[in-house]
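Protein chains in written order, with the working numbering: chain D, 1 to 511; chain C, 1001 to 1297; chain E, 2001 to 2315; chain L, 3001 to 3315.
Derived by calculation from the structure, the hints in this document are not laboratory data. Watch out, some of these pointers could steer you wrong.
[Stated by the list, open to error] Computed Cβ-Cβ distance ranges for the label pairs, DEER-style:
1) GLY1180(C) <-> GLU2150(E): 42 to 48 Å
2) ILE1296(C) <-> GLU2158(E): 32 to 38 Å
3) VAL379(D) <-> VAL2287(E): 46 to 52 Å
4) ALA1292(C) <-> LEU2035(E): 45 to 51 Å
5) GLN451(D) <-> PHE2178(E): 36 to 42 Å
6) LYS1177(C) <-> TRP2028(E): 34 to 40 Å
7) ARG19(D) <-> LEU3137(L): 56 to 62 Å
8) VAL379(D) <-> TRP2028(E): 37 to 43 Å
9) LEU2137(E) <-> ALA370(D): 45 to 51 Å
10) ARG394(D) <-> GLY2157(E): 55 to 61 Å
Positions of the beta carbon are idealized from the N, C-alpha and C atoms, including for glycine.
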Amino acid sequence: MTAIPPAAPLTPRAVLTLRGIRKAYPGVVALDGVDLELRAGEVHVLLGENGAGKSTLMKIISGAVACDAGEVLLDGVPIEIRGPRHAQAVGLGIIYQEFNLIPHLTAGENIFLGREPRLLAGVIDQRALLRAAQKILDELGVAIDARSVVSRLSVAQQQMVEVAKALSLNARVLIMDEPTSALTEQEIRELFATIARLKARGVALVYISHRMEELFAIGDRVTVLRDGRHVGTRLIGETTMSELVRLMVGRDLKDQFPKQAAPVGDEALRVAGLRRNGVLHDINFTLRRGEVVGLAGLMGSGRTELARAVFGADPIDGGRIFVGGHERQIGSPRAAIGLGLGFLTEDRKHQGLVLGLSVQENTCLPSVGAFSRFGVMQVAHESAATAARIAELRIKTPGPHQRVVTLSGGNQQKVVLGKWLTTAAGVFIFDEPTRGIDVGAKVEIYQLINQLAARGAAILMISSELPEILGMSDRILVMHAGRIAGEFTAAEATQEKLLAAALGRAGLHAA
Amino acid sequence: NRTEPTSAASVAGATAGKPTVALVVKTLNNPFFLDMQKGAEEAARRFGVNLVVQAADREIDVERQMQIIENLIERKVAALCITPSGSREIVPVIVKANQVGIPVVIVDTRADEKALVAAGGKIATFIGSDNYDGGKLAGAFVAEKLGGKGHLAVLEGIPGHETGDARLRGFREAVAKFPGLKIVVSQPANWERDQGFNVFQNMLQSNPTVTALFACNDLMALGAIEAIASAGKAGKIVVVGFDAQPEARAAITKGTMSATVAQFASRMGSTAVENAVKLLAGEKIADFTPVAIELIK
Amino acid sequence: MKPREFLAHSGRQFGTLVGLFALCAVLWALTPHFLTVSNLLNVAQQTSINAVIAVGLTFVIISGGIDLSVGSLVAFSGVVTASLLQRAVPVPLALLAGLVTGLACGLVNGLLITYGRLPPFIATLGLMSVARGGALLYTDGRPVSGFDEEFRWLATGEVLRVPVPVVIMIVVYVIAHFVLRRTPFGRYLFAIGGNEEAALLSGVRVRLHKTVVYGVCGLLSALAAVMLTARLNSAQPIAGINYELDAIAATVIGGTSLLGGQGSVVGTLIGALIMGVLRNGLNLLGVSSFIQQVVIGAVIILAVLLDTAFKRPKR
Amino acid sequence: MKPREFLAHSGRQFGTLVGLFALCAVLWALTPHFLTVSNLLNVAQQTSINAVIAVGLTFVIISGGIDLSVGSLVAFSGVVTASLLQRAVPVPLALLAGLVTGLACGLVNGLLITYGRLPPFIATLGLMSVARGGALLYTDGRPVSGFDEEFRWLATGEVLRVPVPVVIMIVVYVIAHFVLRRTPFGRYLFAIGGNEEAALLSGVRVRLHKTVVYGVCGLLSALAAVMLTARLNSAQPIAGINYELDAIAATVIGGTSLLGGQGSVVGTLIGALIMGVLRNGLNLLGVSSFIQQVVIGAVIILAVLLDTAFKRPKR
Ligand SMILES: Nc1ncnc2c1ncn2[C@@H]1O[C@H](COP(=O)(O)OP(=O)(O)OP(=O)(O)O)[C@@H](O)[C@H]1O
Ligand SMILES: Nc1ncnc2c1ncn2[C@@H]1O[C@H](COP(=O)(O)OP(=O)(O)OP(=O)(O)O)[C@@H](O)[C@H]1O
Ligand SMILES: [Mg+2]
Ligand SMILES: [Mg+2]
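Could you put together the complete structure from these sequences and hints?
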């Protein structure tokens, strides 16, 4: 990870100042009198647990949300931000945490949406648009064709399109709400280089992330929110990880990766010669009870495709799948669930959650059948299970009947997790399980993974965070271009070896 | 640059060289026009011609009827018998038929005289009776039945639909002659049976003094008599319909309905085909064949 | 349902309910004939047929679909039942045949949508035309009329002084509400309408449930057909034209989103009642036929404006 | 448009186009009257009115909405133009008045949907009823007929031997295609239909564009009204009933998704032609009108099945 030198003489000039910002939603006070000051040329990190109010604060700056009280000053002059268009016009740009791309438009069209270059009045200069978009994408160092339709891009690629879109604004203040949650090392590096360039240009950046190690690499100052309140602002150079964590969660966290090895038992899932034309080639691996197997790889290496194929979400063109030692035909997700598999998808908004339904309805969705007797749902069971998940995962919600669309990103992710914990699954496939989850909650999830393993569950954990893979796995598989390109034990694995395998350079082939 | 007028003998697509006569009615999901079709089919058999019967799905769809006729002109039928969905809207397509020399027989509903003259269109003959006269018959009957005194209700067809308007005008005019008769409520039930039921049920709530109902078609009248029955007023209200459908005739026999106006659709159909055949044979025909209009009570 | 949950639900219906009451209040002030027991029973009966069809549509719409064929299915199932009755088939058998016809047509819709991957609009538009043509062919375009008292009891009978159609409507709504809120099938409809892919990945048999929901909608159309046939003492191949619009309007006025994933049958009932009361009131007032259309349109708009005003979220 | 992009687009239309050609081939085999210049021009003329309305609906549907009021707007704008013509207002002025009427009604739809936050279905259903009532009131329920040759040229005239209605249709489609693919307005329609919130957050003036798109749809309905009035030499207050269904069908057959965010006017034109050719063919063949309904429904289903089969993704 490239460290970015601090903006040496901190420019005293405040570009944007927020004072006493308050915002309440039915049942929650999201922000309760928050102050924030952004200076030109700084990377201002915003930290806080899931639901602390970070995104809400940023949406107020970007004009997506109107605040109930408080004042915003731009260059010292009070301003009322009337809406997203107005915010853009005065130079406030944002990359939202939840993707905001138009699925059927191309990457280029998305990047310049609302600001298309014109030939004449009222005619889009499509050629110029594509050229400019391609230029931004290339500068970002991502191999995305500006003409490709966004709905066909992978999550990581979509995230990079979001970044490109924000860059195209040439904003004076640029907010990045968890831009790296869907990215792998490679893209993160490119992003950081871009951030450095922007800083040099005097742009004020707000950076939100739950990946603590990133903060120290790029941040200049850090502000911590807790329960909608401002609890402190520090210079990065004058603080430590543990102090920040204490400010965030209000207690000390001893161990970031509390791995506890569980006794390894019988074979739980075995995949032999799995093939999906053009995507997966001759995949072989075994998961045992009590084992956590990490699956690493670059964006587009086919990890998600592998998970989907095993789970019956995509048809396969060859190969055999054994569950609990018996060969099974898994024709649908339902069949997979019936065999005791659970699959936490990487894209919670499109595949994981029914956003319009409540926490309870989402949590119980795969288990509705199990919670029913004579075709009638047993509400008591549902409520009990949901209450248990809310407590266990510390889901921050006004209640079980809250619609998940109103939850913060991290809490939505917890609901997806809760959904699979509620089933009686014995084999879990977790695709980016801690995406967007705060440090405290991550530890809780790791502990949960430990518990599941101790109970005899087998876990395949797909993750783009190498520290997480290294910290939590008993065994690590690495994918490259649709093949398993390497297999390592926890002891022998290092970041370098994994990366080499992911790039297709290392030899060790899977057994 | 259209083709020469086709002679009856050279009509393509006709089986065994028989000429094809087309009958285009307003719609075929109304028993009135089904009867007309029956009559036409019978005549076609009798005279040995092919008969094509076509109609729009909806009675009021004038544009669709125009399309159908245009398509039949493309098909080069020998003669066209038409019941216009709109008396003025039919004129342009009559002109088109004239241009290629296909004779046009108008049945049941007149094509607007003035519009026809203005457009230079020409029809061979009109066969039918007048909805307006039918409405007058119905009005006179109600007046007689009530002794020239009482509160009347009217169920209208689709607002703005010519056929209904004509019947309504006739009825209003007839009852206007009797100062003791008063139309206390007049509402649309869109030609439909279920709406006839609902609307009349509601009318009875607010106008319990109503002693006679004129419905612009039998379907609405048949719906209304069920509403009367459910209000426990069977036999206490004079109900007059229009079209003389078999069901209405049965209801009259049973005594739940008082009268209906008959227009003899079947006769219209057969006369139309008969006239078309004569035209094709070069015979002279009268430019108006009246078909009796009669009150069935 | 717990009180809290119930309040949350009825909160969502609150605006529509206010709209209904406001409408009733206006009519009560304008005409003495409106607020009488016999008139209110009339309204309930007149509403019952649309209300029953609208339940099926509510289910379909919650699942993210649409069904335009309901009106044609009313006609088709109606003439099937009626012609069997006229051939002296026992009433229960004839009813069963009618209901099965509706169910079968509905399942065809469902299969076209799931296995044929047709947009619901197209599949049901197609079937709308096919079933209408079928009904016309089957009856040769003529109505089938005149039934025994036994059958007509479905329209004319009373249970505890409540007309049978109203009883049927109430029973259908109670069952539908229960199915929607308390059975896996109901839950799955919301999930499928809300996010089909997430539902699929959660093990919901999306195709099965989608097929079934169109079947249910067809079945309820057939039930409405039976009610209509008994009421009019006649089944017509041209019955039910534009019924889909009325039913969709009732559903949407009742707060069910056409985007799917949201809705309730309670709202639909209120929506159907608004439409029924409105038409009844206009007849009672003797409003001219041209103005009626203007008023109906305006009231639909106003009712929903009121509802949205109550729900309006803060930005 | 670059060849590559064009191929991608036409690829999406490929299935529907095959459907259209298959239909034509069948008709060509069955009747000698189908494939003649005069009949094809005839079909084109008959299709033109639906096709023009369908363009407006395609725009609205791409933006994620729906417009049920088009049929009523045809009636309303038609009688406005016609009555002005009869009062000897110069033709261009009368046309303008008709078009402005349609535009204004469309904008009312738009405002109800954007500022009134009504679901498009409800707002346009309401206006459908209000505009119909308005047309009836305005004309007292009577058709307005008989116009000068100058006006009727719009239906009877020819430009380079192509009938004027067909010319109008082609011009409308060329402009619409350009607007959709090459102007910010068109782009924003896709964006709003694809993800309204994302469009809003990108600074697209969602309300403005949504309001305008209903205005455009109203305007095109008014244009269709003028064409219809010239064709029939009469404007009726009850014209255009159910035109919305035909136009929506053409749009959806043409591959535009009712969910919004996807679609093309080229597809819509093909869809409208499929419907026009089908009806023409059935008339030429002399198919009984009951069977026609069955066949039309079946062909709509088959055409789209074919289209989906071509588009079916591998997985
Ligand atoms: N539209 C809404 N309606 C109701 N509550 C909301 C809404 N948006 C946010 N909230 C609530 O406001 C609080 C703050 O949410 P916010 O999204 O700002 O958190 P966050 O700090 O960004 O969390 P995360 O790290 O998980 O993204 C949460 O409790 C959330 O549930
Ligand atoms: N719907 C789709 N249409 C076309 N290409 C797709 C689609 N979904 C995924 N792809 C492509 O397939 C490849 C594999 O993607 P996949 O998401 O499985 O990779 P991954 O290893 O899980 O990476 P990620 O880190 O992005 O999750 C990528 O190149 C992606 O762009
Ligand atoms: Mg957030
Ligand atoms: Mg992935």
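Hints versus structure:
{"no.": "1", "hint": "GLY1180(C) <-> GLU2150(E): 42 to 48 Å", "in the structure": "44 Å, holds"}
{"no.": "2", "hint": "ILE1296(C) <-> GLU2158(E): 32 to 38 Å", "in the structure": "35 Å, holds"}
{"no.": "3", "hint": "VAL379(D) <-> VAL2287(E): 46 to 52 Å", "in the structure": "47 Å, holds"}
{"no.": "4", "hint": "ALA1292(C) <-> LEU2035(E): 45 to 51 Å", "in the structure": "49 Å, holds"}
{"no.": "5", "hint": "GLN451(D) <-> PHE2178(E): 36 to 42 Å", "in the structure": "37 Å, holds"}
{"no.": "6", "hint": "LYS1177(C) <-> TRP2028(E): 34 to 40 Å", "in the structure": "39 Å, holds"}
{"no.": "7", "hint": "ARG19(D) <-> LEU3137(L): 56 to 62 Å", "in the structure": "58 Å, holds"}
{"no.": "8", "hint": "VAL379(D) <-> TRP2028(E): 37 to 43 Å", "in the structure": "39 Å, holds"}
{"no.": "9", "hint": "LEU2137(E) <-> ALA370(D): 45 to 51 Å", "in the structure": "48 Å, holds"}
{"no.": "10", "hint": "ARG394(D) <-> GLY2157(E): 55 to 61 Å", "in the structure": "59 Å, holds"}
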